[in-house]
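Asks: Sequence:
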Amino acid sequence: MKTKWRISFFFIIAVITFLSFWNYKNRVYDWDMPGYIGCLYTLKFPDSPDKIRELTYTEIQKKAPDLEYKDILGTLKPADKARQAFANNTKAFTEQLPYFQIKVGYNLGILILYELGFSSPDSVTFLSIISYFISGLLLFFILKIIFPENYLVTVILTIGIMLLPPMTYMSRVATPDMFILQFLLVFMIALIKKWSSWIMFLVLFAITFTRPDYAPFTLSYLGITGIYEYFKNKKLDFRFVIQGVILLVLYFAIIKISHYPGWKHLFYDTFIHRRSFISGSSPDFSLQEYLTIIYKKIIYFKKVTVVSFGLLGLTFYLSKDSWIRTLAVIILVNIYIKFLFFPHSSGLRFFFGYIMMLLIVFLYAVSKKYNGFKLRKIA
3 MKTKWRISFF FIIAVITFLS FWNYKNRVYD WDMPGYIGCL YTLKFPDSPD
53 KIRELTYTEI QKKAPDLEYK DILGTLKPAD KARQAFANNT KAFTEQLPYF
103 QIKVGYNLGI LILYELGFSS PDSVTFLSII SYFISGLLLF FILKIIFPEN
153 YLVTVILTIG IMLLPPMTYM SRVATPDMFI LQFLLVFMIA LIKKWSSWIM
203 FLVLFAITFT RPDYAPFTLS YLGITGIYEY FKNKKLDFRF VIQGVILLVL
253 YFAIIKISHY PGWKHLFYDT FIHRRSFISG SSPDFSLQEY LTIIYKKIIY
303 FKKVTVVSFG LLGLTFYLSK DSWIRTLAVI ILVNIYIKFL FFPHSSGLRF
353 FFGYIMMLLI VFLYAVSKKY NGFKLRKIA
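Residues 3 to 381, numbered by this note's numbering, are exactly what the sequence shown covers, in order.
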């Protein structure tokens with residue numbers, strides 16, 4: 003069996019390497035890229051905003067296909083006046099950067115690649131490719147743990163998941179979605195391998211540091227595990243309280259340092275009207291307008307809803323373990339918490355990390371039912 007697993011591992015490495023190269027060759031220069039490159043140059047030239055904007059677009063122009071570069075500039079029909087303002091007006095461009103600076107861990111990864119000698123656009127695109135490759139290895143490792151006697155199932159599932167359209171798309175674009183997936187997969191390994199609470203906390207810290215919008219998930223996990231520990235030992239474990247406080251402090255520190263304008267600004271600019279200047283007008287909208295947008299978006303949220311509730315239902319059917327069921331519910335609830343804050347119903351990539359965790363919990367339930375593998379109730 004060891005020989006078969008060894009062969010399977012090298013086969014997976016070969017396949018993921020090929021897929022990584024294929025995705026890199028088909029990389030996309032989208033309109034998020036100037037934001038992250040702008041964050042990079044802000045770290046390098048903090049007192050030169052005009053230089054930051056000019057360098058950002060000059061470097062992208064050197065790498066991007068003409069059509070994609072025009073899309074970034076907002077000159078394709080229909081013209082995007084906001085993108086044109088970002089490209090041509092330093093104040094407009096600079097005011098957008100806090101939306102991107104808040105992803106601290108992701109920006110740090112871009113900076114590291116840039117310092118290693120990559121160009122700024124390559125630092126962004128190659129980080130997604132590296133994350134795709136590492137995520138593939140982590141996924142293989144997770145499935146190997148879940149199905150220790152089924153190397154063929156592990157190989158087939160790994161390749162199948164790596165070929166899913168959201169996975170390949172996330173690996174090609176300038177977003178932190180592929181980058182954060184690595185940490186979510188490590189989180190699932192920590193659960194299955196029964197890592198200590200403080201090691202688990204470091205994983206939760208890394209998730210929050212990379213993408214603060216995952217704070218509801220990391221905090222809800224700590225809250226639920228704290229409740230389980232309380233009922234188990236009949237006393238409050240202050241470790242979870244301390245860890246939760248640290249994550250909250252981290253979240254608000256990132257918000258403060260990044261000068262993040264706030265959720266209301268993000269919601270207004272994303273779903274109501276993209277302003278050229280954040281400081282130009284107030285992002286005012288009523289509760290009725292918000293609920294109308296949520297209603298319209300949730301209608302197109304069918305894929306996520308069907309997949310998520312399907313995985314939850316199957317998990318409940320296969321497992322009577324209250325902790326496994328609770329994990330599935332936590333993940334599902336956080337999908338809809340994220341939706342309420344950012345109802346981008348057409349962008350499956352925004353919710354794919356949660357769906358992957360739900361899938362792993364479901365596969366674990368399958369394994370436990372048929373193979374007897376056990377997951378500790380408090381990680």
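In short, the hints are calculated from the structure, not lab data. These numbers come from a predicted model, not from an experiment. Be aware that a few hints might be false.
Stated by the list, open to error - Label-pair ranges, simulated between beta-carbon atoms: (1) D32 with K83: 17 to 27 Å; (2) L45 with I274: 38 to 48 Å; (3) S281 with K27: 33 to 43 Å.
To be verified - Cut-off 30 Å, straight-line C-alpha distance, at most; resulting in silico cross-link-like pairs (DSS-like, lysine-lysine): (4) K234 with K305; (5) K79 with K46; (6) K340 with K266; (7) K298 with K322; (8) K195 with K83; (9) K83 with K53; (10) K196 with K237; (11) K237 with K266; (12) K266 with K236; (13) K64 with K83; (14) K195 with K237.
C-beta: ideal position from N, C-alpha, C; glycine also.
Asks: All hints are to be evaluated individually against the structure, with a verdict given for each.
Replies: Hint check results:
Separated by about 18 Å at the C-beta atoms, D32 and K83 satisfy the suggested range of 17 to 27 Å. A hinted range of 38 to 48 Å is violated for the C-beta pair L45 and I274, which are about 31 Å apart. A hinted range of 33 to 43 Å holds for the C-beta pair S281 and K27, which are about 41 Å apart. For the hint linking K234 to K305, the alpha-carbon distance of about 38 Å lies beyond 30 Å, and the restraint is violated.
For the proposed pair K79 and K46, the alpha carbon gap of about 34 Å is over 30 Å, so the pair is violated. A hinted pair counts as satisfied when its Cα atoms are at most 30 Å apart, and K340 with K266 qualifies at roughly 14 Å. Restraint check: the Cα-Cα separation between K298 and K322 comes to about 36 Å, which exceeds 30 Å; the hinted pair is violated. About 51 Å separates the Cα atoms of K195 and K83, which puts this hinted pair outside 30 Å; it is violated.
The hinted pair formed by K83 and K53 meets the criterion: a straight-line CA distance of about 22 Å does not exceed 30 Å. For a cut-off of 30 Å, the pair hint linking K196 to K237 stands: about 21 Å separates their Cα positions. Using a Cα cut-off of 30 Å, the hinted pair K237 and K266 is violated, with the two alpha carbons roughly 39 Å apart. About 41 Å separates the Cα atoms of K266 and K236, which puts this hinted pair outside 30 Å; it is violated.
Proposed proximity of K64 and K83 is supported: the alpha carbons are some 23 Å apart, at most 30 Å. Between K195 and K237 the alpha-carbon distance is near 25 Å, which keeps this suggested pair within the 30 Å criterion.
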